[in-house]
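S.K.: Residues per chain are reported as follows:
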Amino acid sequence: MNSAVLVFPGSNCDRDMAVALETVTGKKPHMVWHGDSDLPDNLDIVAIPGGFSYGDYLRSGAMASRSNIIDSVVQAANKGVKVLGVCNGFQILTEIGLLPGALMRNENIEFICKDAALTVDHASSTFTSAYTKDESISIPVAHHDGNYFADEATLDSLEEEDRIAFRYTTNINGSARDIAGVLNVSGNVLGMMPHPERAIDTKHGGTDGLRLFESLMS
Amino acid sequence: MKIRIYVTLKNGVLDPQGKAIHHALESLDFNGVNDVRAGKLIELDVDDNMADADIEKMCEKLLANTVIENFEIEKLAAKTTEEA
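Taken in sequence, the protein lines are chains U and E. When you line the first sequence up against our numbering, it's residues 1293 to 1510, in that order. When you line the second sequence up against our numbering, it's residues 66 to 149, in that order.
Simulated from the structure, these hints should not be mistaken for laboratory data. Where hints are given, some of them may not hold.
[As the list claims (entries may be wrong)] Short derived list, chain E residues pointing at chain U, Cβ under 10 Å: (1) Ala85; (2) Ala118; (3) Ile133; (4) Asn135; (5) Glu137.
[Stated by the list, open to error] Label-pair distances were calculated between CB atoms; the ranges are: (6) Asn135/E <-> Thr1315/U: 43 to 53 Å; (7) Lys1425/U <-> Lys67/E: 19 to 29 Å; (8) Lys1425/U <-> Glu139/E: 49 to 59 Å; (9) Val78/E <-> Glu1451/U: 18 to 28 Å; (10) Met1293/U <-> Glu139/E: 45 to 55 Å.
[Claimed, not checked] Far from chain U, by Cβ distances over 10 Å, these chain E residues were calculated: (11) Gln82; (12) Asp100; (13) Leu127; (14) Lys140.
Idealized CB from N, CA, C, for every residue including glycine.
Just chain E, same shape as in the assembly:
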């Protein structure tokens, strides 16, 4: 089973990279952008029977720093159906 972990900075935490991207977009004359926040996408291929609690634990223990980051778990279709 493939899962995607989206790691994003919490609201209120300054995002210097997002700001730089925002400035770069403006310098390319894209003017309608109000805000940019940059995050990470981590894709895991795990056993189909892995417990949700274990996936959460992985996020809390390593993949996200919960002092500054939130995480969201998205489960993709199992490998067999995905490849069909």
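So here's chain U without its partners, still in its complex pose:
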């Protein structure tokens, strides 16, 4: 399984993501600079890591979503390559338009950094098949702009098409319909605010994130 991790100025979870991917794939991911034009050949997964790309200037993920490498990411996604965006990566995916909606300032306007209880809403996707439906898991969150917004029609279609991967068990940031992670129509793109790569080792205090990466292997 070949993977790549995008790196932007201000990314700070790129190395954690690389460790998580290497742990399950046994292969070092390609680290791809945002200024490059092409992704490596024969990729199975592209990860867009958390952090504060471009200092969150203008809007979280806005600048990163217009950087050089993004055209290749969109082409890869359209060809069926799996794309995982975590935290700032989720914000970037919505700014690109690969996922619907937007991530707004948390409802209580505070930066939230803690373990969040999530409910697995969709356990048969390529990202979540190692979980069971309605299972409760604990994954860390660390964000200021995690308040998921989409218009009612979009939210309805996400529910109808079973594209909500994870919901907050208790809504921590004001997200519409408790949404913590969403899939694209064909199920090969996942964006989520919680950080599965920060919960893959007992030394992290929990390993509930590991199965997301294991799901990718099956």
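The hints should help you fit chain E onto chain U, whose structure is shown.
M.R.: Using the frame of chain U, we list chain E on its own:
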């Protein structure tokens, strides 16, 4: 030519920052405020002959996220007259 782009949240989109400002105003005993919405002002200095369509494109492609935001373009007087 200077132009100002006002980026504001669409109606119906919750504005947590506006709400916080509203609460802060109330805590300062300004009680007649019914609602607060916060937005952004982006000022650009562009070539005088820049086409309106290009300015709109800049807003749509980068300056505003049209999923949640509206934008308004205001053209200010050309530099020469402004400085006179």
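S.K.: Confirm or reject each hint.
M.R.: Against the structure, the hints:
The closest approach between the C-beta of Ala85/E and any C-beta of chain U is roughly 5 Å, which is under the 10 Å cut-off, so the hint is satisfied. Look at Ala118/E: its Cβ only gets to about 19 Å from chain U, farther than 10 Å, so that hint breaks. With a least beta-carbon distance of about 5 Å to chain U, the hint placing Ile133/E at the interface is held under the 10 Å criterion. Violation of the interface hint for Asn135/E is found here, the shortest Cβ-Cβ separation to chain U being roughly 13 Å, above the 10 Å cut-off.
Hint on Glu137/E is violated. Least Cβ distance to chain U is approximately 17 Å, over the 10 Å limit. Between Asn135/E and Thr1315/U the C-beta distance comes to about 45 Å, which sits within the given range of 43 to 53 Å. Our hint of 19 to 29 Å for Lys1425/U and Lys67/E is violated, since their Cβ atoms are close to 56 Å apart. With their beta carbons about 51 Å apart, Lys1425/U and Glu139/E fall inside the hinted range of 49 to 59 Å.
Distance hint check for Val78/E and Glu1451/U: the Cβ-Cβ separation is about 20 Å, which falls inside the suggested range of 18 to 28 Å. Judged by the Cβ atoms, the range 45 to 55 Å given for Met1293/U and Glu139/E holds: they are separated by roughly 52 Å. Against the 10 Å criterion, Gln82/E falls within the reach of chain U, whose nearest CB is about 6 Å from its own CB. Chain U leaves Asp100/E outside its interface by the beta-carbon criterion, the shortest separation being 16 Å against a cut-off of 10 Å.
Annotated as non-interface, Leu127/E brings its C-beta within 10 Å of a C-beta of chain U; the closest such distance is 6 Å. For Lys140/E, the shortest C-beta to C-beta distance to chain U comes to about 21 Å, beyond the 10 Å cut-off, and the non-interface label holds.
In the structure shown, a violation is registered for the earlier hints numbered 2, 4, 5, 7, 11 and 13, in ascending order.
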